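With the sequences and hints as input, model every part of the structure.
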Amino acid sequence: MNFLKFCMGAVLLVLSLHAHASLDGKLLAALAGDDSDARIAAVNGIAAIGSQDAADLLNALKNEQLFVKDGTVYLQADELSKNLATDKVQKMPEDAEPITINNRLRAAIDSALSGLKLFSVDRATRLTAAIALEKEATPEQLPLFNKAYLKENDSEIKSRLQMLIATANLQATDPVVRKAAVKALLDSPNPNLKPVLQKMLAQNPDGTYGEPDASIRVEAVATLNAIDGRQARMELVGNLFYGVSLGSVLLLAALGLAITFGLMGIINMAHGELLMIGAYTTYACQSLFRKFMPGMLDAYLLLALPAAFLVAAGVGILLERTVIRWLYGRPLETLLCTWGISLILMQTVRSLFGAQNVEVANPSWMSGGVTVLGSLVLSYNRIIIMLFALFVVFAVWLILNKTRLGLFVRAVTQNRRMADCVGVATGKIDMLTFGLGSGIAGLGGVALSQLGNVGPDLGQNYIVDSFMVVVLGGVGQLAGTVIAAFGLGEVNKFLEPVAGAVMAKIVILVFIIVFIQRRPQGLFALKGRSVE
2 MNFLKFCMGA VLLVLSLHAH ASLDGKLLAA LAGDDSDARI AAVNGIAAIG
52 SQDAADLLNA LKNEQLFVKD GTVYLQADEL SKNLATDKVQ KMPEDAEPIT
102 INNRLRAAID SALSGLKLFS VDRATRLTAA IALEKEATPE QLPLFNKAYL
152 KENDSEIKSR LQMLIATANL QATDPVVRKA AVKALLDSPN PNLKPVLQKM
202 LAQNPDGTYG EPDASIRVEA VATLNAIDGR QARMELVGNL FYGVSLGSVL
252 LLAALGLAIT FGLMGIINMA HGELLMIGAY TTYACQSLFR KFMPGMLDAY
302 LLLALPAAFL VAAGVGILLE RTVIRWLYGR PLETLLCTWG ISLILMQTVR
352 SLFGAQNVEV ANPSWMSGGV TVLGSLVLSY NRIIIMLFAL FVVFAVWLIL
402 NKTRLGLFVR AVTQNRRMAD CVGVATGKID MLTFGLGSGI AGLGGVALSQ
452 LGNVGPDLGQ NYIVDSFMVV VLGGVGQLAG TVIAAFGLGE VNKFLEPVAG
502 AVMAKIVILV FIIVFIQRRP QGLFALKGRS VE
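End of the sequence shown sits at 533 in our numbering; the numbers just go up one at a time, nothing left out.
For the record, the hints were derived by calculation from the structure and aren't laboratory data.
Be a bit skeptical, because a hint or two may be false.
Pairs of lysine to aspartate or glutamate residues, derived as EDC-like cross-links and limited to a Cα-Cα distance of at most 16 Å, are as follows [what the hints assert, rightly or not]:
1. K70 with E95
2. K494 with E236
3. K118 with E153
4. K159 with E135
5. K70 with D38
6. K184 with D214
7. K70 with D96
8. K92 with D111
9. K159 with D214
10. K180 with D214
11. K27 with D38
12. K63 with E95
13. K118 with D155
14. K200 with D214
15. K195 with E135
16. K118 with D57
17. K118 with E135
18. K27 with D71
19. K118 with D54
20. K70 with D111
21. K159 with E141
22. K195 with D229
23. K152 with D123
Simulated restraints on C-beta separations [unchecked claim]:
24. T174 with F512: 19 to 27 Å
25. F516 with G355: 49 to 57 Å
26. P94 with M294: 38 to 46 Å
27. L510 with P190: 35 to 43 Å
28. A502 with G34: 48 to 56 Å
29. A362 with Q415: 27 to 35 Å
30. Q53 with S216: 27 to 35 Å
Note that this is a predicted model, so its numbers are computed, not measured.
C-beta atoms are modelled at their ideal positions from N, C-alpha and C, and glycine is treated no differently.
So, in structure tokens, the structure goes:
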């Protein structure tokens with residue numbers, strides 16, 4: 002039994018580090034020494050080999066599986082060890098001492114292991130590693146970067162590696178190399194280079210500069226200006242994108258409210274809970290697919306969209322028929338009643354699904370994003386939600402302008418009494434319209450489930466914003482709702498970096514109050530005799 006164990010251990014050691022006999026003995030000796038700088042240099046030297054063997058050795062060092070005796074380094078595996086100088090498998094010497102590592106050396110090992118990912122066979126892994134290393138490139142990693150650059154065939158990764166090499170060369174002793182590195186970084190999208198370049202331009206108390214060469218400082222100023230300009234453009238595009246994204250969410254949340262509030266004048270404080278119902282319906286559909294059709298999990302949204310619309314519309318119709326229909330013309334009672342309904346709906350969801358948030362995962366085709374301007378990532382889920390919001394707006398426009406239901410809705414909105422006199426069943430139209438608005442809220446819940454976790458309080462975060470969109474755009478006005486949603490989304494995203502999230506909300510609220518004082522009908526006014 003002991004012999005079998007010995008053989009298995011020997012095979013394991015041979016397979017784990019089969020080529021380390023080729024390692025430079027000086028590197029191994031430095032690992033076992035007391036000089037921290039020499040040990041870090043040895044780690045970088047091992048990483049520069051750029052092989053799986055190097056990664057295995059560094060992992061063994063990180064896990065404190067390397068031992069030393071009389072300057073000889075051994076790799077431990079159970080009761081056996083491997084002499085890394087002679088490649089001989091033997092029992093671990095009794096008085097061998099483990100090679101301990103401190104935090105500084107551990108950080109160097111982690112950085113070296115990250116650099117070794119540049120040699121992965123998977124392109125995505127190499128690209129991710131190159132992007133991550135932009136934040137921590139050091140001159141000690143130059144041999145690793147140069148070797149990876151020579152082996153790389155992908156043009157995008159090769160370009161990233163050129164930037165890594167230039168970043169590492171910023172600290173070179175040769176001024177010609179430093180100047181070439183500063184020039185090479187002129188097109189870099191990495192904002193982490195700014196502190197290094199600013200340090201080169203900083204003036205010391207004795208009047209000298211961090212970079213003694215004046216011509217290099219001139220190039221550093223040009224590179225800093227280029228990075229600042231690129232960063233400003235990236236922030237502008239990012240704010241525009243995320244403003245449109247927020248506007249799309251606000252539009253989906255407010256669109257149904259605009260219809261019901263515009264037609265019936267109902268202040269529905271339970272509208273946010275209809276969003277929540279749509280989100281939980283999405284979660285239920287995902288759970289069904291995960292349990293019964295795991296191979297088709299990416300298609301669960303195809304079921305969730307109609308299901309969320311129908312469930313939310315059904316809840317809305319039930320509320321209208323049982324409660325709200327008796328409260329028309331009594332806004333205060335309606336507000337209090339729907340607020341109570343919102344509490345009931347939240348507690349019902351807590352009883353069914355629990356008080357904790359639940360996760361709705363993005364399908365694989367909505368994961369990831371497209372990178373623009375070097376490092377700005379526009380996520381696919383937000384892009385799809387923008388397109389979905391526009392599709393919902395178009396569908397609502399078709400319903401309101403090209404169908405018999407839409408004709409009746411517009412008639413009741415403009416003059417309820419006249420519509421009733423000519424035979425329009427206004428009570429039925431109220432029910433269907435409230436169901437339509439509730440169903441659209443359910444679709445908004447589907448969109449919200451793709452942006453974050455789903456919880457019982459989900460709707461409370463959007464009810465106030467939804468009313469602000471409706472009031473600003475003009476009660477019952479589809480075009481006004483669209484413009485107000487995207488406008489508020491953009492203003493909010495541009496104000497947040499300057500004033501903070503809370504102050505941005507306050508500024509927007511004050512603006513809407515002042516605007517409504519000047520123009521009570523909102524951006525677009527209703528037309529009709531009842532309005533006049």
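Just to be careful, I want the Cα atoms of K27 and D71 compared with a cutoff of 16 Å; is the pair within it?
Within the cut-off at roughly 14 Å; holds.
Checking one constraint from the list: CA of K159 to CA of E141, max 16 Å. Satisfied?
violated, 19 Å
Return holds or violated for the Cβ distance of F516 and G355 against the range 49 to 57 Å.
With a Cβ separation near 42 Å, F516 and G355 fall outside 49 to 57 Å, so the hint is violated.
Does E236 sit within 16 Å of K494, going by the straight-line distance between their CA atoms?
It holds: about 11 Å lies between the C-alpha atoms, which stays within 16 Å.
Quick one, are K70 and D96 close enough, alpha carbons at most 16 Å?
holds, 7 Å
Is K118 close enough to D57, meaning Cα to Cα at most 16 Å?
holds, 13 Å
Does the alpha-carbon distance linking K159 and E135 stay inside the 16 Å limit?
Holds - the C-alpha atoms of E135 and K159 are around 13 Å apart, at most 16 Å.
Holds or violated: K27 and D38, Cα atoms, limit 16 Å.
Between K27 and D38 the Cα gap is close to 14 Å, so the pair holds against 16 Å.
Cβ distance range 35 to 43 Å for L510 and P190, holds or violated:
holds, 37 Å
Holds or violated: K118 with D54, Cα cutoff 16 Å?
holds, 13 Å
Are the Cα positions of K70 and D38 separated by 16 Å at most?
violated, 21 Å
Between P94 and M294, is the Cβ distance one that fits in 38 to 46 Å?
At 59 Å between Cβs, range violated.
Taken one by one, the earlier hints fail for this structure at numbers 5, 8, 9, 12, 20, 21, 24, 25, 26, 29 and 30, listed in ascending order.
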